[in-house]
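Undergrad: What follows is each chain in one-letter form.
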Amino acid sequence: MLKNFWYALEFADKVGREPRRATCLGQEFVLYRTEAGTPICLSDLCVHRGGSLSMGTLNGDCIACPYHGWQYDSDGACVKIPANASERKIPRKARVDAYPAVERHGMVWAFLGDLPEDERPPIPDIPQWGDPAFRAVQTEMVIDANYERTFENVVDASHTPFVHGTAFGNPAKPEIPDFRIRSDDWSAEADIQLSPPPPKGLWGWLSRNKPRPEYVTVTNGWYLPNVVKLHVRLPIGDLILYDFNIPLSQDRTLVKILGFRNFFTGAWADRDARKRIEKILLQDRPVVEAQRPELLPFDLSDELHVRSDGLQVAYRRRRAQLIKDGWWVGGDDVVTGGAPQRSATIIASPARRDNPELASAWVHKARNPGDPR
Amino acid sequence: MLKNFWYALEFADKVGREPRRATCLGQEFVLYRTEAGTPICLSDLCVHRGGSLSMGTLNGDCIACPYHGWQYDSDGACVKIPANASERKIPRKARVDAYPAVERHGMVWAFLGDLPEDERPPIPDIPQWGDPAFRAVQTEMVIDANYERTFENVVDASHTPFVHGTAFGNPAKPEIPDFRIRSDDWSAEADIQLSPPPPKGLWGWLSRNKPRPEYVTVTNGWYLPNVVKLHVRLPIGDLILYDFNIPLSQDRTLVKILGFRNFFTGAWADRDARKRIEKILLQDRPVVEAQRPELLPFDLSDELHVRSDGLQVAYRRRRAQLIKDGWWVGGDDVVTGGAPQRSATIIASPARRDNPELASAWVHKARNPGDPR
Amino acid sequence: MLKNFWYALEFADKVGREPRRATCLGQEFVLYRTEAGTPICLSDLCVHRGGSLSMGTLNGDCIACPYHGWQYDSDGACVKIPANASERKIPRKARVDAYPAVERHGMVWAFLGDLPEDERPPIPDIPQWGDPAFRAVQTEMVIDANYERTFENVVDASHTPFVHGTAFGNPAKPEIPDFRIRSDDWSAEADIQLSPPPPKGLWGWLSRNKPRPEYVTVTNGWYLPNVVKLHVRLPIGDLILYDFNIPLSQDRTLVKILGFRNFFTGAWADRDARKRIEKILLQDRPVVEAQRPELLPFDLSDELHVRSDGLQVAYRRRRAQLIKDGWWVGGDDVVTGGAPQRSATIIASPARRDNPELASAWVHKARNPGDPR
Numbered sequence: 001m002l003k004n005f006w007y008a009l010e011f012a013d014k015v016g017r018e019p020r021r022a023t024c025l026g027q028e029f030v031l032y033r034t035e036a037g038t039p040i041c042l043s044d045l046c047v048h049r050g051g052s053l054s055m056g057t058l059n060g061d062c063i064a065c066p067y068h069g070w071q072y073d074s075d076g077a078c079v080k081i082p083a084n085a086s087e088r089k090i091p092r093k094a095r096v097d098a099y100p101a102v103e104r105h106g107m108v109w110a111f112l113g114d115l116p117e118d119e120r121p122p123i124p125d126i127p128q129w130g131d132p133a134f135r136a137v138q139t140e141m142v143i144d145a146n147y148e149r150t151f152e153n154v155v156d157a158s159h160t161p162f163v164h165g166t167a168f169g170n171p172a173k174p175e176i177p178d179f180r181i182r183s184d185d186w187s188a189e190a191d192i193q194l195s196p197p198p199p200k201g202l203w204g205w206l207s208r209n210k211p212r213p214e215y216v217t218v219t220n221g222w223y224l225p226n227v228v229k230l231h232v233r234l235p236i237g238d239l240i241l242y243d244f245n246i247p248l249s250q251d252r253t254l255v256k257i258l259g260f261r262n263f264f265t266g267a268w269a270d271r272d273a274r275k276r277i278e279k280i281l282l283q284d285r286p287v288v289e290a291q292r293p294e295l296l297p298f299d300l301s302d303e304l305h306v307r308s309d310g311l312q313v314a315y316r317r318r319r320a321q322l323i324k325d326g327w328w329v330g331g332d333d334v335v336t337g338g339a340p341q342r343s344a345t346i347i348a349s350p351a352r353r354d355n356p357e358l359a360s361a362w363v364h365k366a367r368n369p370g371d372p373r
Numbered sequence: 001m002l003k004n005f006w007y008a009l010e011f012a013d014k015v016g017r018e019p020r021r022a023t024c025l026g027q028e029f030v031l032y033r034t035e036a037g038t039p040i041c042l043s044d045l046c047v048h049r050g051g052s053l054s055m056g057t058l059n060g061d062c063i064a065c066p067y068h069g070w071q072y073d074s075d076g077a078c079v080k081i082p083a084n085a086s087e088r089k090i091p092r093k094a095r096v097d098a099y100p101a102v103e104r105h106g107m108v109w110a111f112l113g114d115l116p117e118d119e120r121p122p123i124p125d126i127p128q129w130g131d132p133a134f135r136a137v138q139t140e141m142v143i144d145a146n147y148e149r150t151f152e153n154v155v156d157a158s159h160t161p162f163v164h165g166t167a168f169g170n171p172a173k174p175e176i177p178d179f180r181i182r183s184d185d186w187s188a189e190a191d192i193q194l195s196p197p198p199p200k201g202l203w204g205w206l207s208r209n210k211p212r213p214e215y216v217t218v219t220n221g222w223y224l225p226n227v228v229k230l231h232v233r234l235p236i237g238d239l240i241l242y243d244f245n246i247p248l249s250q251d252r253t254l255v256k257i258l259g260f261r262n263f264f265t266g267a268w269a270d271r272d273a274r275k276r277i278e279k280i281l282l283q284d285r286p287v288v289e290a291q292r293p294e295l296l297p298f299d300l301s302d303e304l305h306v307r308s309d310g311l312q313v314a315y316r317r318r319r320a321q322l323i324k325d326g327w328w329v330g331g332d333d334v335v336t337g338g339a340p341q342r343s344a345t346i347i348a349s350p351a352r353r354d355n356p357e358l359a360s361a362w363v364h365k366a367r368n369p370g371d372p373r
Numbered sequence: 001m002l003k004n005f006w007y008a009l010e011f012a013d014k015v016g017r018e019p020r021r022a023t024c025l026g027q028e029f030v031l032y033r034t035e036a037g038t039p040i041c042l043s044d045l046c047v048h049r050g051g052s053l054s055m056g057t058l059n060g061d062c063i064a065c066p067y068h069g070w071q072y073d074s075d076g077a078c079v080k081i082p083a084n085a086s087e088r089k090i091p092r093k094a095r096v097d098a099y100p101a102v103e104r105h106g107m108v109w110a111f112l113g114d115l116p117e118d119e120r121p122p123i124p125d126i127p128q129w130g131d132p133a134f135r136a137v138q139t140e141m142v143i144d145a146n147y148e149r150t151f152e153n154v155v156d157a158s159h160t161p162f163v164h165g166t167a168f169g170n171p172a173k174p175e176i177p178d179f180r181i182r183s184d185d186w187s188a189e190a191d192i193q194l195s196p197p198p199p200k201g202l203w204g205w206l207s208r209n210k211p212r213p214e215y216v217t218v219t220n221g222w223y224l225p226n227v228v229k230l231h232v233r234l235p236i237g238d239l240i241l242y243d244f245n246i247p248l249s250q251d252r253t254l255v256k257i258l259g260f261r262n263f264f265t266g267a268w269a270d271r272d273a274r275k276r277i278e279k280i281l282l283q284d285r286p287v288v289e290a291q292r293p294e295l296l297p298f299d300l301s302d303e304l305h306v307r308s309d310g311l312q313v314a315y316r317r318r319r320a321q322l323i324k325d326g327w328w329v330g331g332d333d334v335v336t337g338g339a340p341q342r343s344a345t346i347i348a349s350p351a352r353r354d355n356p357e358l359a360s361a362w363v364h365k366a367r368n369p370g371d372p373r
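Protein chains in written order, with the UniProt record's numbering: chain A, 1 to 373; chain B, 1 to 373; chain C, 1 to 373.
Chain A extracted, bound-state conformation (with noise of 0.2 Å):
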């Protein structure tokens, strides 16, 4: 699991004034808005008694830990402390990491890392969110699986008439001819000629005067940590998923999908719209499930690789050398799921590093650079 990227923790119109729990990287966070509707992410994990933020209450722009009413400001620091005569001051040890959020497009993103501002990497574009051309619809689905594993299932074009032969793959036709990668340090994005079968149900009549092309371009793109789009072009118009794997643990993972259409944008048709992109997400699960070893490898030649793999292959060798640069998370410092901990660590936010008067103000310590093995 990488650190230092932006991830998507929820649909925006899920965070609200109620606090929600997210998890991500084997870690919990709490997220809320502001009175101003500033979305907030502080680590879950109070540093009086390790209480879950999450279970409490707001008030105003604090939260206020379940256990014993420790309320915190949407910087992290400890502002009350119930127990304490009022004149007694707050230790300065009373704070919690807070990580960067944001609203845009649709999600709320965190930042989950400590690099600077100015050396994170991006947050993806999502144009289609705010178009008017184009209606968006929201899915969701855990699966048993490592989040990678998932990841790189929607990333991959060749599966498609196998798994999905039913849905939007063709059998008969499973050849893909060979495609050109277009990547950045952050992305890399293909089209890929598929054979499509011919649609069915609402939209197959809705659509059964056009003409069926041979081919049909899918564009298939990974943006880092854990986003895949895929575009598929059928006859009727442009279907545009956003694929966000969010890893609850090493093997189970939270997908979150916001399916993007510019065709039937009337509400009436998200119902329809919505038990396509899950039919897809439900034959995907099973064979996803099956896969082993259940964590994606670390050596390229622990699996063996076809031309057809190109997205997946650059995926893995970005990755390496992400790991290289101690951007990994993993292994034995994971603080939810697993054999109980004795001590908590959590993944460093910016405050660690742009405060250096804070440098021993911190209760938890920081996760380690994984070594990945």
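Be aware that a few hints might be false.
Which copy is meant is left open, because identical chains are indistinguishable; a pair holds if it fits in one copy or across any two.
[Stated by the list, open to error] Straight-line C-alpha distance at most 30 Å; calculated DSBU-like pairs for lysine-lysine:
hint : residue 1 : residue 2
1    : 279       : 324
2    : 80        : 173
3    : 256       : 93
4    : 89        : 173
5    : 279       : 80
6    : 89        : 256
7    : 93        : 324
Hints are computed from structural coordinates only; laboratory data are not their basis.
Given the structure of chain A, go ahead and fit chains B and C onto it with the hints provided.
TA: The following block gives chains B and C in isolation, referenced to the frame of chain A:
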């Protein structure tokens, strides 16, 4: 988890002439009474094939393993191997560890360790037991949390207004005035001023004409290894809880409670008293189960303490000494829970130390003084 | 768990033209038959993306992965990669391990190891199979216990009076007269005198006029790696059970049983015969699942043995030799169960040894000869 203590393993009236399994410190024991009524506590693990004695049957004062019928007397010595010809001698190694057991204050206690009798820490006093002014109820609940977390939770007065605001805390007045701790090697106690909410339900109705004080004194105390006393002075009388936090495994606790009251001492009020105690447990449970890290840290600096945490800090300091003395059991060498084991280790009973001629007579190895890290 | 043996993985009539998953030694296999009816056993793990072949489909004698449709022939060589242009060559590394498989005695057996044909231990004989004097029933059950625990349990005559006192043991006469063991490198057998209880139910009623002997001879035998024969001589005829203890993981066993009888050989009595066998299994299950430690110890001195345990002690001695020879697989290097893995290791098949030019052609590493500790 600490060895060398008396552990209250079961309510006395639950231990009789049917073998009963008790789990504690990650090890299993069988409890039963002799024909004369004396409580017996043996390691539950037959040395022949690891059968669970508590699934067996009593024969006089002996217990027979359910698997091959080996019979052990109340000192743990095997006295019969049914498959053997009757003239064949019982091997010296055919013995399980027997732990000193007594009935006191309505509980069956077993000494889980090998200290000689005069070096054993005391069983805490429960003066309300047998006092005709008091009426007792029993209750119990399994909590998916570490026993030191549930133990500290009951010791802790300052969570009351937040977690029990609807039961007996007062969220409007959460401040805890400084208190003085009375302690010795095995216990610590303090009188703490809490602001009470108005009592509700049956007790509220029956005390509706009594004046309500601004503060009530709650006496909170811990008794090693795992007992907490909570003495609440209500307008209508005294409610005194003894709370036994039995470690089933590292992260599972069986909480047993003896609850005494000196008001409404008729059986008719038992159900209401039990329900009130269970309500408190059910309020604590989700908060304690969500605490992270799951296990109580060893280093004081892994959490942040304030004045009102004095009793818990005293516990952690005393625990640190006992760990240095080698009283800790834990880590990998647990018999129950977690990964399947290839060999069984058990907590040494006094006979191993008292009886040098038995030195080579033990099949199961004693668990090492735990390196707790 | 021991490699280099023939394992009975499935009842022969359950293996056909639908791929079927079998789990053994903590690894997954796919079983199917060629069009000519020959049973095939391949590693279930596609080398491309770790897809589970047993979720795929047959195409002639080949099996296609459900994920990307790669087709493997019955020797494990990949013969088709659908995403590739048809003129592109199949890489040499596109192959999975194929394990020798045969149908014999009503079971499909696979050789899980890499020994050359002439060094392989034999498949045990089951002379009742195909003998018209005998009628067979099948039954199976999953037991949450280590396979060596369930295996030794069936070898063990002395538990019969205690665990099966209501079925075929006699609790009033539990003594086991000394017996002589006949053994070779791969098996051990003994004729053991047991006192029988009066038969009940249908069999009892039908034999109500036959005299009841004081002792009956039970022939108990084990055949490496995991087969137990239990031959019970009832007043009305012979009941002969072959019991296959298949290790799904370290602590989960699939017990398959072939049960032969030479009385009431009509189909009408099958249901009763199957019920009697299942009753025995259900009596054993709670006792065996409660055994501690969960895994059969490596050191003889970790449990206490008596004369009647001779067959089990012979097994443990023979096992110790095979562990020294490097036939043990286990410990951390299991593919299924337990913690999620980052790389897949598998049991080497004979081709790895027989075919030096394939030395560099294997994607999955072979599991190490286990250091069992």
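Undergrad: Evaluate each hint against the coordinates.
TA: Structure-based check of all given hints:
no.: 1; hint: 279 <-> 324; verdict: neither (38 Å within a copy, 52 Å between copies)
no.: 2; hint: 80 <-> 173; verdict: between (65 Å within a copy, 14 Å between copies)
no.: 3; hint: 256 <-> 93; verdict: neither (36 Å within a copy, 36 Å between copies)
no.: 4; hint: 89 <-> 173; verdict: between (72 Å within a copy, 18 Å between copies)
no.: 5; hint: 279 <-> 80; verdict: between (49 Å within a copy, 28 Å between copies)
no.: 6; hint: 89 <-> 256; verdict: neither (43 Å within a copy, 39 Å between copies)
no.: 7; hint: 93 <-> 324; verdict: between (32 Å within a copy, 28 Å between copies)
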